Amino acid sequence: MASSSGALRLVEAKGLVKRYPGFSLQSVNLTVDAGEIVGFVGANGAGKSTTIKALLGLIPVDGGLSSLLGVPSEKLAQPCGASVKEQVGVVFDTVSLPEHLRVADVGRMLSHAYDGWDGSLFGKYADEFGLDARKQVKDLSRGMGMKLSLACALSHRAQLLVLDEATAGLDPMAREEVLDILRGFVAEPGRGILMSSHITSDLERIADRIVCIDGGRVLFDLPKDAITDAMGVARCRKSDFERIVSSSLIPNDEFRYLMHDYGIDVLVPDRYAFSRAMPEIPCDRMTIDDYLALVLKGGVR
Numbered sequence: 001m002a003s004s005s006g007a008l009r010l011v012e013a014k015g016l017v018k019r020y021p022g023f024s025l026q027s028v029n030l031t032v033d034a035g036e037i038v039g040f041v042g043a044n045g046a047g048k049s050t051t052i053k054a055l056l057g058l059i060p061v062d063g064g065l066s067s068l069l070g071v072p073s074e075k076l077a078q079p080c081g082a083s084v085k086e087q088v089g090v091v092f093d094t095v096s097l098p099e100h101l102r103v104a105d106v107g108r109m110l111s112h113a114y115d116g117w118d119g120s121l122f123g124k125y126a127d128e129f130g131l132d133a134r135k136q137v138k139d140l141s142r143g144m145g146m147k148l149s150l151a152c153a154l155s156h157r158a159q160l161l162v163l164d165e166a167t168a169g170l171d172p173m174a175r176e177e178v179l180d181i182l183r184g185f186v187a188e189p190g191r192g193i194l195m196s197s198h199i200t201s202d203l204e205r206i207a208d209r210i211v212c213i214d215g216g217r218v219l220f221d222l223p224k225d226a227i228t229d230a231m232g233v234a235r236c237r238k239s240d241f242e243r244i245v246s247s248s249l250i251p252n253d254e255f256r257y258l259m260h261d262y263g264i265d266v267l268v269p270d271r272y273a274f275s276r277a278m279p280e281i282p283c284d285r286m287t288i289d290d291y292l293a294l295v296l297k298g299g300v301r
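So the sequence shown is residues 1 to 301, counted in full-length UniProt numbering.
Take the hints with a grain of salt, since some may be wrong.
[What the hints assert, rightly or not] Quick list of simulated restraints, FRET-style, between CB atoms:
no., residue 1, residue 2, range
1, Glu74, Gly22, 45 to 51 Å
2, Gly184, Asp221, 43 to 49 Å
3, Ser96, Leu121, 16 to 22 Å
4, Gln78, Ala293, 20 to 26 Å
5, Asp115, Ala293, 34 to 40 Å
6, Ser83, Gly130, 32 to 38 Å
Just so you know, these hints were derived from the structure itself, not from any lab.
Quick caveat, the model's predicted, so the values are computed rather than measured.
Note that beta-carbon positions come from the ideal geometry of N, C-alpha and C, so glycine has one too.
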């Protein structure tokens, strides 16, 4: 299946609904095209993991459609979905490998599970990640466990990676190493990544798009550069705030602000135009965390 831009569509969800007591996914739309890294963000309990499990066919849904590599998610658990699962590398936020196995045993076991398993590639990643082949899974730290899971996901020639908090528990140097590997992965033709993370600085480094879910609904789906390159945060006093409001520089439907003890933060859609119009008011580059705070918690006009 191709997207409107002609790129191969690797992930697609249309109107996805999943109901639980006290929570539901509500008509979630989500796509990942070949060549893309899509960052999936939201607070704990917002619906990220539920969406990912639905996409992978691990839970039944109550409405909508979803597919991976053109195959409906509900068929992934069937024999006809085996070839697609070969092409999908998955890392959850907990290590889902038998605890008694040694690292070397994991590689041997998965060589029987995946036709495309590359033992030499697994060994290469194990060495790069500093994984001791003799250690049992149960004796690995959280960070080393995540490295083992990543090594597994990257070693069966997958076309799509689905990562649910895969960099959690890694120190900054290890995260940078993993991000470099992910950049290299998606640089190969036909590949893409869906990556949920609370570490938004990681997404600022590598993501092409940011999708935010809140209360089971997709709140926004934007190119990452539209947030971090174009937008800004005006750091102002109350008198500055009143001037911004009365200037009409920011359309009413885009006006978001957060009040602090030390001043007021205002979401600026175009920080370059704002700085030309009001150079005396500091306007910082927008981070993904800034944008999330302003959109999720900010006041509106």
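Each hint tested on the structure:
| no. | hint | result |
| --- | --- | --- |
| 1 | Glu74 to Gly22: 45 to 51 Å | violated, 25 Å |
| 2 | Gly184 to Asp221: 43 to 49 Å | violated, 26 Å |
| 3 | Ser96 to Leu121: 16 to 22 Å | holds, 20 Å |
| 4 | Gln78 to Ala293: 20 to 26 Å | violated, 43 Å |
| 5 | Asp115 to Ala293: 34 to 40 Å | violated, 46 Å |
| 6 | Ser83 to Gly130: 32 to 38 Å | holds, 33 Å |
Violated hints, in rising order: 1, 2, 4 and 5; the structure is consistent with all others.
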